[in-house]
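Full structure from sequences and hints, please.
Chains as they are written, first to last, in our numbering: chain A, 4 to 437; chain Y, 4 to 437.
Among the hints, erroneous ones may be present.
Same chains, same label: a pair holds when it works inside one copy or across any pair of copies.
Once the Cα atoms are required to be at most 27 Å apart in a straight line, the calculated BS3-like pairs of lysine-lysine come out as [unchecked claim]:
1) K372 - K390
2) K390 - K415
3) K189 - K422
4) K33 - K345
5) K33 - K263
6) K33 - K301
7) K33 - K261
8) K158 - K7
9) K409 - K33
Everything labelled a hint here was simulated from the structure, so no lab data went into it. Quantities reported herein were computed from a predicted structural model and do not represent experimental measurements.
There are 2 protein chains.
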Amino acid sequence: MVNKQSIGVGLLGLGVVGGGVAGVLAGRAKALSEQVGCPLILRKVKVMESDLSRPQVKELGAQLFTTDDEEFFTQPDIDIVVEAIGGEEPALDYLKRALAGGRHVVTSNKEVIAKHGAELFTLAQEHGVGLHYEASVGGGIPLISPFQQDLVANKISGIYGIINGTTNYILTRMAGEGIDFPSALKSAQELGYAEADPKNDIEGIDSTYKLAILASLAFHLQVRPQDIHCEGISRLSSRDFKYARELGYAIKLLSIAKEKDSRIEVRVHPVFIPENSLLAEVDGVYNAILVEGDLVGKVLFYGEGAGASATSSAVVADVVSAARDIVIGSGTRANWRLEPGKSIRPMAELETGYYLRLNAADQPGVLAKVSRVLGDHRISIASVIQKAVDPVAQTAEIVIMTHPAKEAEMQKALKELDKMDVVKEIENFIRVEE
Amino acid sequence: MVNKQSIGVGLLGLGVVGGGVAGVLAGRAKALSEQVGCPLILRKVKVMESDLSRPQVKELGAQLFTTDDEEFFTQPDIDIVVEAIGGEEPALDYLKRALAGGRHVVTSNKEVIAKHGAELFTLAQEHGVGLHYEASVGGGIPLISPFQQDLVANKISGIYGIINGTTNYILTRMAGEGIDFPSALKSAQELGYAEADPKNDIEGIDSTYKLAILASLAFHLQVRPQDIHCEGISRLSSRDFKYARELGYAIKLLSIAKEKDSRIEVRVHPVFIPENSLLAEVDGVYNAILVEGDLVGKVLFYGEGAGASATSSAVVADVVSAARDIVIGSGTRANWRLEPGKSIRPMAELETGYYLRLNAADQPGVLAKVSRVLGDHRISIASVIQKAVDPVAQTAEIVIMTHPAKEAEMQKALKELDKMDVVKEIENFIRVEE
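Next comes the structure, spelled out in structure tokens:
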């Protein structure tokens, strides 16, 4: 036991997360001090010039704040640095500086951990300090600590996550109201659930950061965001939801990681999932992550995936955890264990079912021609819906559900279908996860 | 850092859980040793005479086993004792002996922790060792560690759990097939989901142990099983499920703990919950626990609540956690933090809605008389279903849903209703949780 009178905390950033964390540390000081064994004291907050006018600065006392990096990093008695800036730079630089200075670090920064985790964990190890990042995925839902602690006895076989609240909100609106993507996005933006520039969320990029973190932890292989096959939700239309419902499915943007024979499959894209599955029931901005382990079976974690309060819950829990480690005199814990012999499985080797929606000429023999192309690539059809849609243009919509087939073959088939005269357009193609 | 060559484990019991744990420790030795930093070695297993014929004894080597308490407790080099016997005695005695001997303890024993947790935690603290009990509630679902770690920054306001798989299986069968309790129980027994003597499960006793543990952790008050109002599921009939469905509800055995103004409400009983709520979707032997915190909002944990594998997942995770603490040289962690000024709220003060099913005379004015009794106790009716059921006996079934009312008043009203000539029988009365 280290006889500490108090534990000093330094905070980088006073935005949504930083402001929330500062509020919890100040407002809940007594309970937190009982959890830790000594007081947690916020000693310095590094902010931007524009933050200095925030009411919280006045509340907490102006002397606590600085806009100067040097002043922050030379402040004595800071044991734990909380980074709540987000984005790659200057956050990465700050994290390295804090770790190299022997400070324990708590961060909610998914992008930095996903892209630079390996380097940062090595640095933490070298300096005998902890690097905590529970808030980087799933807001306040415990997700990192289950992998580091509760599920360690398991061989994890799969992770299936709804880990982006913005896209899940948009998909929920599209499914519930039959509206198209642009209106659902507009509504999400008006409600503050989507940003003015929504690219990171709707194109799945945010999800790749989070999946990279979870998959690295679960499968003991360094998974980088660029290793993950990524497709967003912008090409989904109300017709896809209509057919999904007819066929007994929901459409969700899933982040999937699976291991088979030491090869890890990692992908983020819209999927058809059975409408009675647990993940299909996850609506609105909520997040849920289903984990499959050989001992534990299926476990699901569900909750708010973002927001100032939920994220503060995870950040402050990490601060308490780091502080307890300091009090008991323990340094870093091994929490980024890599196993040799593992590799990423190329997307071309994926085997799954597919939903295919084509706009085709409404004439006899079209379905036979389409089936032949699929058959040539060993893709067998499970069910077909064919509907005349435009009597003037004489086009029909053909919806095909396939049995599991190879992704590489499906991609070849799609190219061939695209070249066929009778196929006017491949309107969508969505993978099925049973 | 303590330079340990290996960590010794002693195991008490070789039943479902013990056998599972022994299997995982042996079968996954390499991965576990990487997690811990040195090998975890099973050094002695205390079994009953009758266990010696089990195939596992031969597999692991007969010299590892003993039927003698003295031999087990004097075995050198045991750092961690795993108790997998279950029941109150001799498990309690063994746990005390292990803790007093300076061994870290891991247990899956909900009864001992619920009844004797306070004493055992004190003993662990005195001897500088850890007492780990993740497997005591919810099988492999992380539930203890979230309260000890991930949710520490929160003020918890409520816990709502389906924490007994046997009863949830029975209720799922009753809801799905319209069968009555005795047939559903029989079927659960045939499938091994219910014991030959099912009392502990179906009367809610098992749930009170688990709720006592969760509520103590969440609300920092020692909640004992006898503090918990407990009703089982045996008085539910297929008619209750029929009406529940008509009214838009599911029936679940919920374990509920809520805090309001430092008073903790703890109860286990069947409830009507809205059919589209998350907990209503939890079917079969699965468990789910919904936790409400002021920062995190609602988080839900779902998975298999029992079974050799799932329970081993939690026990072995606790062993790894204890072993890491030994390796880093840390002793016990404060994990049973009590706050002064808290108390149990008497059941009489509960305010909730009620479902009431009466068998009454099928004659004019009966409903008016029943309403008057309820009104006298300030219980207002939200909706009524009245159906003639027996033209010969001239009886009708009256189903009443009330607005939230005081439990004490409802109990008085039930007594008065019971005495009325026109009321043949109060067939059931179930609380509603919106």
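Each hint, compared with the structure:
no., hint, in the structure
1, K372 - K390, "within (17 Å within a copy, 60 Å between copies)"
2, K390 - K415, "within (25 Å within a copy, 63 Å between copies)"
3, K189 - K422, "neither (35 Å within a copy, 61 Å between copies)"
4, K33 - K345, "between (46 Å within a copy, 16 Å between copies)"
5, K33 - K263, "between (48 Å within a copy, 19 Å between copies)"
6, K33 - K301, "between (38 Å within a copy, 24 Å between copies)"
7, K33 - K261, "between (43 Å within a copy, 22 Å between copies)"
8, K158 - K7, "between (39 Å within a copy, 26 Å between copies)"
9, K409 - K33, "neither (58 Å within a copy, 35 Å between copies)"
Of the numbered hints given earlier, the model fails hints 3, 9; all others are met.
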